[in-house]
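Could you slot chain B onto chain A? The hints should help.
Residue numbers (the working numbering), protein chains in the order written: chain A, 11 to 232; chain B, 11 to 232.
Since no wrong hints were added, every one of them can be taken at face value.
Repeated chains share a single entry, so a pair holds when one copy, or any two copies, can fit it.
Heads up, simulated DSBU-like pairs for lysine-lysine below, C-alpha to C-alpha not over 35 Å straight-line:
{"no.": "1", "residue 1": "K68", "residue 2": "K170"}
{"no.": "2", "residue 1": "K68", "residue 2": "K108"}
{"no.": "3", "residue 1": "K108", "residue 2": "K24"}
Keep in mind that the hints were calculated from the coordinates and are not lab data.
Protein chains: 2
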Amino acid sequence: MLQTIRIREKLLGKNDELAAHNRERLDTAGVFAVSLCGSPGSGKTTLLERVIPALRLKFRIGVIEGDVETDRDGRRVAALDVAVTQLVTGGACHLDAKMVGLALDNLPVPLHDLDLLFIENVGNLVCPAAYALGENARVVVLSLTEGEDKPLKYPAMFRKTDSLVINKLDLVPYVPVDLQEMEAAAHVVHPGLPVFRVSCTTGEGIEPWIDWLMERRACWKK
Amino acid sequence: MLQTIRIREKLLGKNDELAAHNRERLDTAGVFAVSLCGSPGSGKTTLLERVIPALRLKFRIGVIEGDVETDRDGRRVAALDVAVTQLVTGGACHLDAKMVGLALDNLPVPLHDLDLLFIENVGNLVCPAAYALGENARVVVLSLTEGEDKPLKYPAMFRKTDSLVINKLDLVPYVPVDLQEMEAAAHVVHPGLPVFRVSCTTGEGIEPWIDWLMERRACWKK
Numbered sequence: 011m012l013q014t015i016r017i018r019e020k021l022l023g024k025n026d027e028l029a030a031h032n033r034e035r036l037d038t039a040g041v042f043a044v045s046l047c048g049s050p051g052s053g054k055t056t057l058l059e060r061v062i063p064a065l066r067l068k069f070r071i072g073v074i075e076g077d078v079e080t081d082r083d084g085r086r087v088a089a090l091d092v093a094v095t096q097l098v099t100g101g102a103c104h105l106d107a108k109m110v111g112l113a114l115d116n117l118p119v120p121l122h123d124l125d126l127l128f129i130e131n132v133g134n135l136v137c138p139a140a141y142a143l144g145e146n147a148r149v150v151v152l153s154l155t156e157g158e159d160k161p162l163k164y165p166a167m168f169r170k171t172d173s174l175v176i177n178k179l180d181l182v183p184y185v186p187v188d189l190q191e192m193e194a195a196a197h198v199v200h201p202g203l204p205v206f207r208v209s210c211t212t213g214e215g216i217e218p219w220i221d222w223l224m225e226r227r228a229c230w231k232k
Numbered sequence: 011m012l013q014t015i016r017i018r019e020k021l022l023g024k025n026d027e028l029a030a031h032n033r034e035r036l037d038t039a040g041v042f043a044v045s046l047c048g049s050p051g052s053g054k055t056t057l058l059e060r061v062i063p064a065l066r067l068k069f070r071i072g073v074i075e076g077d078v079e080t081d082r083d084g085r086r087v088a089a090l091d092v093a094v095t096q097l098v099t100g101g102a103c104h105l106d107a108k109m110v111g112l113a114l115d116n117l118p119v120p121l122h123d124l125d126l127l128f129i130e131n132v133g134n135l136v137c138p139a140a141y142a143l144g145e146n147a148r149v150v151v152l153s154l155t156e157g158e159d160k161p162l163k164y165p166a167m168f169r170k171t172d173s174l175v176i177n178k179l180d181l182v183p184y185v186p187v188d189l190q191e192m193e194a195a196a197h198v199v200h201p202g203l204p205v206f207r208v209s210c211t212t213g214e215g216i217e218p219w220i221d222w223l224m225e226r227r228a229c230w231k232k
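Bound-form chain A, shown alone (with noise of 0.2 Å):
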């Protein structure tokens, strides 16, 4: 027996005017800034761990870290010699533009001193998709582990990412879980969109989606 009840999406604020004008801030200074969203754990420190040592070689790296509550994800990635504002909500369960906008304020170095500029959402995968930070790209970070229906059971995220990070391709042998299946259901809410399946533990898979990154700032930059 089943029976189902819809209930109203609530409209959002005014976040996409205080967007826009982060975004203006970042193309002044010649930053092209990416965030990265995801349910806890699903690995999105992990790939900034993975990443950040080789792109340091060729950019100055900024990151903006935002957690409900500590400072251990700045921690690790400050970790990597690189400038990180650590956002502490304190109970919010998603950045917004504002906030983003406070950090960029605050960074440890001029913002205009940086190339690229990661921004790390609470761990969520509902409420930061409906928030603009100002960022140029949106990536989502999703384990293998959560299951292959998460980007139906979550499409607002899904649908709002310019690419799909499938995360801990290293347990592929030991859970039931189906790729293709998760792949076709993020086309399903979002055709066309880049999925790349990788391992932030062993490495395997991360070149194909920096390529992918750095096409996007190529990009960015014509």
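Chain B alone, transformed into the frame defined by chain A:
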């Protein structure tokens, strides 16, 4: 380099009043209600699929399923031949007491024909923590693939739960996770919290959690 900024938590509305009203309705009807919270893919629905076949031999069971989109979880649980109401929040990142009240009004069977009600929240380790639903016990399901530090990073959720189910024990050999550290992190934010290590896939460790649930229910009846 690392800077840290704290943003203040907004105060909640009068959800608590509505939750108290739900609790009163449940008590009057003789229904013991248990809510499940956790990240997307932590195994909340799989836990229900694992325990309901055993529990329904003794109890008349109802389930309220909360999802942002789709009735997939509702259909999975309804296949176990119990009364299910699926709440599709249409973007809202958590259940609140008002939604649960609506679900109680729209169960496929009269409330007083149930003994045990499970309420599965939206997959989200942040927002649901703040909203009492009227449940008698709250349970957090945490997949060990999410990492040891999650209780420290999402403390509200672990503070406001009555037990913690650490799931996916079958993956221990393949994941670099320290379960003692995970439990210790939970006990930092919630000293004395009962913790159960289970695999909803194999059934390992499920019995002690069911025993805990039955003890809670026995105390509630007194």
